[in-house]
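Chains as they are written, first to last, in our numbering: chain A, 1 to 116; chain B, 1001 to 1110.
Hints listed in this document are in silico derivations from the structure and should not be mistaken for laboratory results. All C-beta atoms in this analysis are idealised placements derived from N, C-alpha and C, irrespective of residue type, glycine included. It cannot be assumed that every hint is accurate.
Unchecked claim - Each computed SDA-like pair below joins lysine to any residue, with the alpha-carbon atoms no more than 25 Å apart:
hint, chain 1, residue 1, chain 2, residue 2
1, B, 1102, B, 1026
2, A, 42, B, 1083
3, A, 42, B, 1069
4, A, 42, B, 1054
5, A, 42, B, 1062
6, A, 42, B, 1042
7, A, 41, B, 1026
8, A, 42, B, 1053
9, A, 42, B, 1102
10, A, 41, B, 1109
11, A, 42, A, 114
12, A, 42, B, 1096
13, A, 20, A, 98
As the list claims (entries may be wrong) - These stretches of chain B come out as covered by chain A in the derived footprint (C-beta under 8 Å, 3 or more residues):
hint, segment
14, 1052-1064
15, 1092-1100
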Amino acid sequence: GAVVSQHPSRVICKSGTSVKIECRSLDFQATTMFWYRQFPKKSLMLMATSNEGSKATYEQGVEKDKFLINHASLTLSTLTVTSAHPEDSSFYICSARVRLAQETQYFGPGTRLLVL
Amino acid sequence: GESVGLHLPTLSVQEGDNSIINCAYSNSASDYFIWYKQESGKGPQFIIDIRSNMDKRQGQRVTVLLNKTVKHLSLQIAATQPGDSAVYFCAEYTGYALNFGKGTSLLVTP
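Based on the provided sequences and hints, a complete structural model is requested.
In structure tokens, the structure reads:
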């Protein structure tokens, strides 16, 4: 149980285009999902916290107009990288928090974004 | 600055030996810690967790030790296997999210 999926697993796009990444909790309801960014050989950096039915909370330094987050249902959150540039190339990972177990987070497999 | 950090960026051990990965944290109010394993190109995988009211917790081949006096956390892996090769992160719960340390790359050699 507690499986989180991400789609796509890998995406290559041209500079200036927008890319949408989906995060789904497959067998549980997640009131909160988190989006992380990870550079090569670096740690995970929290970008934003996504709460179902409300606006996402962004960490300091993360542009909310650049990284649009939508959490439309208890099993789906999306991250859209708008007008992507090469510096947005990274590994994006989502996690989902089980409704009743507040600290426990289950991570998705990640999405590798390459902007040319 | 980071409140969670790791002492060693890389650790090389021989297959069959025990591994110890260390982590220091700075927030004395942190009360929940998790160790994650991340293989290349994949998301973090939960290994073991511990709450601040405990000093030690054991899982299958893994043990987490918590020393609140010096704000230190360690992960011990017994009889390390090639499949244990990965990057290991400790994370502390901040009250609403997880704060990850820098990570230690564990390489298991035959």
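Problem - Structure-inconsistent hints, enumerated in ascending order - result: The structure conflicts with hints 3, 4, 8, 14, although it agrees with all the remaining ones.
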